[in-house]
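Chains as they are written, first to last, in the numbering used here: chain S, -11 to 214; chain W, -11 to 214; chain Z, -11 to 214; chain U, -11 to 214; chain X, -11 to 214; chain F, -11 to 214; chain P, -11 to 214; chain G, -11 to 214.
None of these hints come from the bench; they were simulated from the model. These figures come from a predicted structure and were not determined experimentally.
Covered stretches of chain S, going by a simulated chain X footprint (3 or more residues, C-beta under 8 Å):
| no. | stretch |
| --- | --- |
| 1 | -7 to 1 |
| 2 | 10 to 19 |
| 3 | 169 to 177 |
| 4 | 191 to 199 |
Lysine-lysine pairs mimicking DSS-like chemistry, simulated, CA-CA at most 25 Å apart:
| no. | chain 1 | residue 1 | chain 2 | residue 2 |
| --- | --- | --- | --- | --- |
| 5 | G | Lys154 | P | Lys154 |
| 6 | F | Lys125 | G | Lys125 |
| 7 | W | Lys125 | X | Lys125 |
| 8 | S | Lys154 | W | Lys42 |
| 9 | Z | Lys78 | U | Lys78 |
| 10 | P | Lys74 | G | Lys154 |
Think of the CB as a built atom: it goes at the ideal place given N, C-alpha and C, for glycine as much as any other residue.
Number of protein chains: 8
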Amino acid sequence: MDDFRDIGFAKLDMNRTDRTGQSETVFGPGKTPEQLAAILETFRRAGTRVLATKCSPEQAAEVAARGIPATYDPVSRLTRADWGEKPILKGTIAVCTGGTADIPVAEEAAGTAEFFGAAVERHYDVGVAGLHRLLSKVESLRRADAVIAVAGMEGALGSVIAGLVKAPVVAVPTSVGYGASLAGLAPLLAMLNSCAEGLSVVNIDNGFGAAVSACRMLRIAERRQA
Amino acid sequence: MDDFRDIGFAKLDMNRTDRTGQSETVFGPGKTPEQLAAILETFRRAGTRVLATKCSPEQAAEVAARGIPATYDPVSRLTRADWGEKPILKGTIAVCTGGTADIPVAEEAAGTAEFFGAAVERHYDVGVAGLHRLLSKVESLRRADAVIAVAGMEGALGSVIAGLVKAPVVAVPTSVGYGASLAGLAPLLAMLNSCAEGLSVVNIDNGFGAAVSACRMLRIAERRQA
Amino acid sequence: MDDFRDIGFAKLDMNRTDRTGQSETVFGPGKTPEQLAAILETFRRAGTRVLATKCSPEQAAEVAARGIPATYDPVSRLTRADWGEKPILKGTIAVCTGGTADIPVAEEAAGTAEFFGAAVERHYDVGVAGLHRLLSKVESLRRADAVIAVAGMEGALGSVIAGLVKAPVVAVPTSVGYGASLAGLAPLLAMLNSCAEGLSVVNIDNGFGAAVSACRMLRIAERRQA
Amino acid sequence: MDDFRDIGFAKLDMNRTDRTGQSETVFGPGKTPEQLAAILETFRRAGTRVLATKCSPEQAAEVAARGIPATYDPVSRLTRADWGEKPILKGTIAVCTGGTADIPVAEEAAGTAEFFGAAVERHYDVGVAGLHRLLSKVESLRRADAVIAVAGMEGALGSVIAGLVKAPVVAVPTSVGYGASLAGLAPLLAMLNSCAEGLSVVNIDNGFGAAVSACRMLRIAERRQA
Amino acid sequence: MDDFRDIGFAKLDMNRTDRTGQSETVFGPGKTPEQLAAILETFRRAGTRVLATKCSPEQAAEVAARGIPATYDPVSRLTRADWGEKPILKGTIAVCTGGTADIPVAEEAAGTAEFFGAAVERHYDVGVAGLHRLLSKVESLRRADAVIAVAGMEGALGSVIAGLVKAPVVAVPTSVGYGASLAGLAPLLAMLNSCAEGLSVVNIDNGFGAAVSACRMLRIAERRQA
Amino acid sequence: MDDFRDIGFAKLDMNRTDRTGQSETVFGPGKTPEQLAAILETFRRAGTRVLATKCSPEQAAEVAARGIPATYDPVSRLTRADWGEKPILKGTIAVCTGGTADIPVAEEAAGTAEFFGAAVERHYDVGVAGLHRLLSKVESLRRADAVIAVAGMEGALGSVIAGLVKAPVVAVPTSVGYGASLAGLAPLLAMLNSCAEGLSVVNIDNGFGAAVSACRMLRIAERRQA
Amino acid sequence: MDDFRDIGFAKLDMNRTDRTGQSETVFGPGKTPEQLAAILETFRRAGTRVLATKCSPEQAAEVAARGIPATYDPVSRLTRADWGEKPILKGTIAVCTGGTADIPVAEEAAGTAEFFGAAVERHYDVGVAGLHRLLSKVESLRRADAVIAVAGMEGALGSVIAGLVKAPVVAVPTSVGYGASLAGLAPLLAMLNSCAEGLSVVNIDNGFGAAVSACRMLRIAERRQA
Amino acid sequence: MDDFRDIGFAKLDMNRTDRTGQSETVFGPGKTPEQLAAILETFRRAGTRVLATKCSPEQAAEVAARGIPATYDPVSRLTRADWGEKPILKGTIAVCTGGTADIPVAEEAAGTAEFFGAAVERHYDVGVAGLHRLLSKVESLRRADAVIAVAGMEGALGSVIAGLVKAPVVAVPTSVGYGASLAGLAPLLAMLNSCAEGLSVVNIDNGFGAAVSACRMLRIAERRQA
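Produce the entire structure from the sequences given, and follow the hints as far as they go.
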């Protein structure tokens, strides 16, 4: 059951869907454009959908140059190779940002969740410095099954949302900020120390990871019904 | 709807259940035994169940001395004031530890989850240095709806589990270790950088927070069915 | 004009009021009880009011044993030697805390401000995890001339308040928390990175410093009218 | 009263002046030139003055290309969109720097304060290594209503000034320095640990934040007289 | 016996082989292309084999331009000047990586070990998120005399391997990752805190150092037999 | 083959010797005296030798009180339960310290190596500030098969030794020092950045880990001969 | 010439005076009272003066109990074993502190310098928050041959002094402070980043090291005249 | 006596020689080429020698373009404006480096010391990994009046030298290294924690500061003779 394909520089997991309930994904950074393209090619031959994250334009160009039918979004830096059957995941994930500059990370989260079949509702630039912007969205947020809170600077968005909703909140610190933001450590620490409950945290700028966690949460209901 | 009781040194949230789906909880540290007892007393009068975390023996003694019918567990340091109707939450949460020294944090997680009505399955001392111990539990882990992975030292337990199961994994770093463990920062960083997907992280030694997040995940299914 | 009294282990500033507009203050830690008492004695002879901060019970006991008419408050750990003429400072300072455990630091701020003649309004346990508690105080906060926001954990209180009022906000991070709170570094960093404007920050647990800054702000108006 | 305009990637606060006493401001970094220009355009249509900070030349060029009548200063990197009625704020803010290399941050502070209507007095290159330079300015500093002390390296300027004047001092650490300056952490920590009173601190290189805080201080007097 | 050649900017160790059992090596960074070429030239004249690490393409080009018969590998960034008699070291070193992006560091290790005469077996992309990939290699790993485990992100590979084999394991953290990876500090700390025994650690990205340590281990057997 | 005994709070590895070539060991901290004694008892029944590290006097007292025939050394804090057949490991490990205060960590290393059958040669207080002390030991060091260099403060001992011998050197930073030693981080970082080759590093104060690594190195020769 | 006495746990440097120009010194922490006493005893037999630093009262009591004629000062924690001929070192060292709480570190410096024969002038509590206190001492400071500036908190004292005198300044950061002082890291970093010239720095609380450096400076003149 | 020239962006210290015994120096970074040239021009008009440090080629080009007769050395990045009378300082300063890559920092030190009149002896690439290189220089080092030890990586050079000579040693950590060198923090911490006496430390890569301190040390003898 635990089978993989060995292409030298990579051992490709061909049945991750069976094991973890989700298609294979590929971490873009540190791979040459050729390596990334070869990986996608291997999955295409197997008919396995695959999502590549944090891809550079050079990687995307190589993929396109080889005629691999994947789409690249320069904001989220996601490459979606969507040739298999698109899954459907019941439930809605709300993706919020503190500011405009957090949008690329939020789009990584939103795009990932959509790739895995979830419905996504976006609420951008609702940071705590202008609380009325967030409060105007509370009813909508309370309807979501899971919330992803993306924020840099002081990273307070997750705490405030977790105190307002019943759903689990995944907080994503971003590297938006400067000086004592320490490239995202400040919001990361803030989120880990939240005085609100129901919050868990992923790595700085890791919109992808937040979305995978949220999708696994949505799948709890499906598995129980199955 | 957003009502609270003001007792001077604290503003008690009397309808958190309506807003966040869960009973009130109290963070023990930094409160005098008298303050903690007064808070529990106020909730008792309102008939609201309440859980206090990281309580000292002195706090527990004061609560007992006032005749407040709460139970104190010295391993998890939880004080459970269980006078209201006990909730039932469908689904099972697996709580795992890397080693024996991680058990107090794991018990905080397990006790919290049980307080909020979830079923808990414990797998202790299954760290990655002796992989066969963990592998012998895989079938059981795959049946859980959510997994809480508690580990100090290098904190690899969460990554390995997240690669083996479909459920969301909440990783709890612990302060178990010494030297370059930096009081738990080493496993915290490791967990945030997991090469596995589906993992989110809470503060060092925060078994409570992991359990609340996991319970919110279980509630997704309930709310959808309601 | 810049005169001081040399008592060997300390050079006492006898005309700080002229230079900085405020009575002399003494930092308690690192001084023996005898040294602290000798310092207070010197100021008493000169008829100069003096405030000592972060005093231990041992220091307070020595001061009392020598018959020096100063009061000691064990919560704020302030020793107030109030023999001179009490100043009056026009204006109100609001002192808020995120939780109950932040109260000792808040009382250091409040007691200091009162010592220097300001009116103080206390709003304790109004942290952002239960936003309605804070929102119920907004009108009162908007009337204050300066706000001191005292919070540990993720330290979001200052940001939220600064977005709601016109007054300057001085944020005080506290060492309340554990694990990744890093003894108060997490809220300190959060406050420094606030997405809200009008916030400035003092050292961890430095309620005293926040109060002195706020009092200097109130004095701007007085000086202009003089 | 708490109204905002939603332009997708941003929720613009249209009545911040009513709520916080100050015009809207925009944080430049992380916004595309198009986004920044669109935001300014929206405010122009509403007739609301707006200040954008830390703008890149590319952002400024896009604003100019669209014919938006805003001025850009490459030293302070401020974009001032000054179409509304210019406010007048009574009082003077002194802006000091330790060295020549701190001037861009100081100009961000000075330009911001002037945008909000304050009078500014500049004292540049008065660092503590040549104390006579600072001492020659003491009389002038003592007349200011608030002082902004901008310094990198060891960041001692704020402490020395706060011991010489009655006004509140806002200290701005800068990233000027190298090695153990840790990109400004060294002066930040020094300022937070000042042995002088009356000092509060903002983020590294955050001249803007210091100026907004200082302007709020000046407004205390105005509001009381109103 | 302890002789060296002084060429001004460098003192070249001409008999390191006698003293430490291994040819001279040169650390490339911080040397001008001219300096590096002059060093290689000096060793060539003495007939001493030498390995230069972390060389830039510019350094390699200068070496080639001078006709020095050394080979440069752009992946490992090793320059091998192999003119002397090639040593033979009995035993096999297994070099493993967590992911594809760790390969350059692994190749630095593998190339170094081969330069010093060891046999190398490569197992790339066998990280713990897909444990079956690693488990499929266990028999091969158990035959190796020493194992080098190269991993970024959470750095768990070394712990898992050290629990599976009898050989000493040298762990090499890499700077592969982002955000809270802190440029490799996260896996470094994880490896230092390994719950498994038999693991020792070298600097981030220091494949070279791991290989030299492993070769010294292999030489223990040779020296005893000699 | 991978069998373990489950005693609730611990899963005891009963055949680690087969898998990793070495007896089971137990990490003392975080275990109650009762837990530690129960673990030793279980191994005694199985006739398996076991070594417990960093044991407190309270743990040792409980073990003694139960009549378990293990010896406790208060300097190294090792508990040796030596009931099985004592292994013999060919080769000598030299254990050196920079100063007298490093001896407890060195004794943990030496005692561990002896428990696993190696011969140990001790060279204590040979730090680099008085180089002649170390140089007087060079011949002896050059005869060792592996060297363990234990040092706090600036941690230079390992670098100097690694430049003098052919054997692999395992460096152990200690928490001896104060201030900027950062509880051992300073020598840890120094050792990781050694300009000498052939050095690998273990956690601060981890004499045990260094010894296990060194013993695995000695076993390379044995296995090849077997 | 490089001779030492080996007493097992220590290798005592018996001719350090010849090599480094100064008597032997012993670092107290980490040595048992018995070890410290044995070391002093050995030097006494050799007639060698010796200074032990950072000694605990327990160590001092053991030394006294054995009848070793050494004096112990509980403020500086120095044990001076002054049996040899007292050296005389021409020149004066000024020792200054920022505050009263820095005095123990300053006394360690002053006592060490006096032990090695230098004249010491003390200026305590002359921190930069009340500049007139320091300025009143400038003439005296300008006469000193070397200055030791001891300060915690923001550590600005050294910078200000180095800008006022021609002598070399050795700055000693202290752990006086709290919160973001990070146990002395804040003044350490400040001192390393001084904008003044002529300043060098020793470890936090290392008054001893500063004094030894200053004494070596005074000896330059003596050696040249010899 | 304390006079300066105000040129707007800088307040130039025109009589630093009288006050601190040394010509004015200028910190290059953060100044525009125009600002640097204007500063040099001002000093030229006053006939004051001046040294500018860490200058970029752009700054040097502007200085040359204006015909200012200063020399620029691209290795040390010093600009020497040597128009006044060259001072002579009796005594020799030895400047040593651990490796070749440390030479630029060492040349900054050597060039600065020569500018101020000292004789300099250079010993480059004498790091502790090949101790015989350093030991071959001991006699020469023992003749120097002060030693500057420049080293990156583990920074052990200063400790070893300070144990071999009687002169004061100023240690300069460099940013040479990678990974856990943390851009020079590792050698900085090592040097601060030296087990040798007589060592003081300056900022990372601060060859200039080390030289100024060493020159002040040499001047002690001159002043006493004057």
